[in-house]
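Please construct the entire structure, taking both the sequences and the accompanying hints into account.
Respectively, the protein sequence lines represent chains A and B.
According to this note's numbering, the first sequence is numbered sequentially starting from 3.
According to this note's numbering, the second sequence is numbered sequentially starting from 862.
Because the hints were derived from the structure by calculation, they are not lab data.
Please note that the accuracy of each hint is not assured.
No more than 20 Å apart at the CA atoms, straight line, and that leaves these computed lysine to aspartate or glutamate pairs for EDC-like [claimed, not checked]:
#1 B/Lys1029 <-> A/Glu16
#2 B/Lys1042 <-> A/Glu16
#3 A/Lys45 <-> A/Asp86
Here's the letter readout for the chains.
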Amino acid sequence: MKIKDCFILSDMGEFWVVVATGDAVEKYNCMITLNSTAVTLWKMLQKGAEKQELVDALLKEFNVDVNTANEHIDQFIAKLQKADILE
Amino acid sequence: MIIKIADTTFNVINGGAELEKYISPFKCENYINAEFKIVLDQSQDFMQKRSVMAIAITEKLIGKNVLRIHASSICYKDKAIMFLAPSGTGKSTHASLWNKYAGAEYINDDQPYLNMDTLMVYGSMVSGKHNRFSLKQAKLFSLVFISQAEHNSIKKLTKLESVKYLYKQMVHYIDLSDRQKQLECLDILSNLPVYLLECDVSYEAFLTCYKGVFNKDYEN
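Printed below as a string of structure tokens:
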């Protein structure tokens, strides 16, 4: 899975935001805010990652169990798919 | 004629009598050279020249990290406050309450310039339908989003709320096509105190805003 190349990520201190750039601005005329868990997933998906890699990363970086990590990742990916953000 | 806007000098050439009168409040006496030259087309009328000049000034200032913001900005006790809202919501009307009740001066009622490095707010002669502006400049103290209501209340927005409000309105407020720069501005502005004021048009609306922004009651 990989996020389309038309997004830029910016650190706002307490959280991160994502916006579209270039020609994609018209289609994605919105701003996405990300917390620290989501930004970890976002950064990996910008490069391209499989679900198991995402699960491993959350388990390593955050104090969560496998079920919670899976649940969060499924929800996050579903949101990205719904918004047509994945390639 | 050489004028100074946002600490930047412009030599406006071929302006003609009407435009020169229009820009004369910002005229720099005794200047021979300016940082930028704006050469207008003599065959154009006042309105066309004014528009070309305003765009040229804004473009040159972007290069110095000075942005034109669509807001009504006042100066109260050397502090600049910007009122933000979609056109027709009442940012000018609310600014006029500060002028009426507290003697606040207009910096620019519609399109002030903001230096993103120093946060200084500057006026220009392009100032909306009421033509309210001055040579006053002041450091930006806070931003207030105006929302029409039948009651008066103010709340300080969290950084997340501020970013969302600023972003939603940014398309109206900041002339920027560079997204990275837009996000930098969003970060800088959302670190300032940002408020949401729900208000009517009354003395009480001013008092509510004052109390929110300065964290104390207004004393006449």
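Quiz item: Within a Cα-Cα threshold of 20 Å, do A/Lys45 and A/Asp86 meet the stated pairing?
Solution: Within the cut-off at roughly 17 Å; holds.
Quiz item: Are the Cα atoms of B/Lys1029 and A/Glu16 separated by 20 Å or less?
Solution: Judged against 20 Å, a Cα distance of about 19 Å means the pair holds.
Quiz item: Within 20 Å, alpha carbon to alpha carbon, are B/Lys1042 and A/Glu16?
Solution: The given pair, whose Cα atoms are some 19 Å apart, holds under the 20 Å limit.
The structure is consistent with each of the numbered hints, conforming to all of them.
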